[in-house]
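Student: Each chain, letter by letter, is given below.
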Amino acid sequence: MSYLQLENLHRQFGSFKALKGIDISLGEGEFLSLLGPSGCGKTTALRLVAGFDRPSVGRILIEGRDLAGVGPNKRDMGMVFQAYSLFPNMTARQNVEFGLKIRGREKSDRSKRVNDLLELVGLVHAAERYPHQLSGGMQQRVALARALAIEPRVLLLDEPLSALDAKVRVQLREEIRRIQLELGITTLYVTHDQEEALAISDHVAVMYGGVIEQMGTPAEMYTAPKTPFVAEFIGTMNRLEAQVVDGTAGEVEHAGTRLRIDAARGRSNGERVLILIRPETLELQAAGNGAAVNGNTLSAEVVTQTFLGPVTRVKMTGGLIADMSTARAAALPVGANVVAQVPVEGVQLLTLAADEQLPDIGEGT
Amino acid sequence: MRLRRPRMAPSAVVWLLIAATYFVLPLYATLDFSLKKNAVGAPCCTLHNYGWVIHNGDFWHTIKISFILALETIVLSLLLFVPTIYWVHLKVPKLRPVLAFMALVPFVVPPIVMVVGLLKTFKGTPHWFYGQPWGFLATAYVILAFPYTFFSLDAGFRAIDVHTLTEASQSLGATWTTTLFKVILPNIRTAALGAAFLTLAVVMGEFTIANLAAFHTFPIFLQYVNESQGFPAGALTLLSFMITWGAMLSLLLVGRKRGARGAVIAGAR
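The listed protein sequences derive, respectively, from chains A and B.
Heads up: the first sequence at position 285 corresponds to 285 in this note's numbering, and the numbers run straight through without jumps.
Heads up: the second sequence at position 63 corresponds to 63 in this note's numbering, and the numbers run straight through without jumps.
Hints in this document: simulated from the structure, not taken from any laboratory.
A quick note: this is a predicted structure, and the numbers were derived from the prediction, not measured.
Careful: at least some of the hints might be erroneous.
[Claimed, not checked] Think about it this way: if two alpha-carbon atoms lie no more than 35 angstroms apart in a straight line, the pair counts; the simulated DSBU-like pairs of lysine-lysine are: (1) B:Lys-91 with A:Lys-17; (2) B:Lys-94 with A:Lys-74; (3) A:Lys-112 with A:Lys-74; (4) A:Lys-101 with B:Lys-182; (5) A:Lys-226 with A:Lys-167; (6) A:Lys-107 with B:Lys-182.
[Stated by the list, open to error] Now the stretches of chain A that chain B is said to cover, found in silico as 3 or more residues with beta-carbon under 8 angstroms: (7) 2-8; (8) 66-73; (9) 92-103.
For every residue, glycine included, the Cβ atom is placed at its ideal position computed from N, Cα and C.
Please put together the full structure from these sequences, using the hints given.
Tutor: Structure representation (structure tokens):
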């Protein structure tokens, strides 16, 4: 039996449907990230679990027990918020102690638990400081300790790192994962940062327009996206619209060029498909080199080069993107004519309905 | 390197002196007047008038009434408006402009019109309410002090993240009451104190309503003394100033607590 279960959860605000029926099943001690762009319904779902809002339709169950009618103060859910939420009139220690006091725990017991948690988040030295004397990262650590103090049944994190700078964000996300694994606490994490979600989760659920597009392990989400939106949202992806021209030989046509792709074998001729190619798997060579001409290439012109540290991202006409070593990219300056070698194997195809429009969420991230 | 203390501009000094003169000169004149013995040009200085005030039973009686009325008005206003404004900020923010408009009404409606309306409205209510300052007058003063209470508290609530603090408190198991008293109130303490100061000042100096409703409060006594005995009136005015300031200082000391400053700074971010 799953530990936390969301069944057919709907939430409607006036005529706007924020959630259109989501189902989630999470085992005890698992870490699930709800990932999606702004307005996809991920925070709404979290607030329903926390009890701050009520679903229009659907149920939330913990260990098989329906939480309908149970107020947020009776749910035993520890929550860390996006905004700094420490009580400004209390020190870090008093903040962590707050939930324990509410529960009427003995003073000695409280004191020990608070010390343990402050140690866990590495803030014993800042126990007597007020929130305005703590940095953003320290405040979120105290907020995490405060949420954990009550030994919650589920830990809810609502974009807790979004207000922090990049370096602290990476440090803290690793700390969150370490603590979650150490305590074995079931965790629901909301984020719009796909890198964050992939880095620390057991499972990722990508949401879009109030529904879960796909749910799976981070590796599954990255390597085998099941919808065009997931393909676009998780990592950067070349998305090429094409049509199957020879299902037996596995050939498709994209922008007048025939390409051989194994995944097209067995598909019906005329079927509309979306070719998904990760930028790191697209091989580029200067046009006229001769080496790449084996019938499975796309011609393009380099439009921009972006240095990303470990690699350089090359963007080309036709919306093609390739990641390559900076040294190799130097040989393909802006304006150079190139050929992109499309791999025959390991390329994924998604079937597109005849009238299906591709979701536009901006440039791949 | 030592930081040089910023020097005040000469024009600022001039304006400061003008403002100080504006406030201090009348007080000095009143002090000078209060130290003379029942005749202009009499030799300085005597504390006779202060003695008269201190030994006057009506002085102590009326100041006690006004002071208790002020405390009652403060308590009633805070009990009524803190939860109301909290709820409006949390659940129905659309009602905030309506409350702000209502809070302006006591400014717009002259007290004489208000007291006539209130006397008619409450006519026929039990004597313990209509015939006592603690009933009728306190009710009128809660209305009169509403603008001061509302705008002070509203600023306090706007300086903190009411939603997040409430939800954080609830997720930790706190009830509404615990959240209000342990989390929200301590973080709007300065605003509540501001509301209390202003209410105290309004009630201690209110004349029209008390006079028309025939209650014998401190401003009524002050006006009576002013009309009948000019020199003791000066001493009475200064003493009332001191008592009011003393009361405000006590409120400040009672309301101040460790960490309060931090709460205000953090809350205002």
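Student: Next, verify each hint and record whether it holds.
Tutor: Now the hints, each set against the structure:
Taking the CA atoms of B:Lys-91 and A:Lys-17, the gap is about 21 angstroms. The hint holds against a cut of 35 angstroms. A hinted pair counts as satisfied when its Cα atoms are at most 35 angstroms apart, and B:Lys-94 with A:Lys-74 qualifies at roughly 29 angstroms. Only pairs whose Cα atoms come within 35 angstroms are accepted, and A:Lys-112 paired with A:Lys-74 is accepted, the gap being roughly 24 angstroms. As the CA atoms of A:Lys-101 and B:Lys-182 are separated by approximately 11 angstroms, the hinted pair is consistent with the 35 angstroms bound.
Between A:Lys-226 and A:Lys-167 the CA atoms are separated by roughly 32 angstroms; this keeps the pair inside 35 angstroms, and the hint holds. Under the criterion of a C-alpha separation no larger than 35 angstroms, the hint pairing A:Lys-107 with B:Lys-182 is consistent with the structure, at around 18 angstroms. Interface restraint, the segment 2-8 of chain A with chain B: violated (0 residues with C-beta to C-beta distance below 8 angstroms; minimum three). As drawn, the segment 66-73 of chain A meets chain B at 3 residues by the rule of a beta-carbon pair under 8 angstroms; at three or more, the given contact holds.
Counting residues of the segment 92-103 of chain A whose CB lies closer than 8 angstroms to any CB of chain B gives 4, so the stated coverage by that chain holds, three being the minimum.
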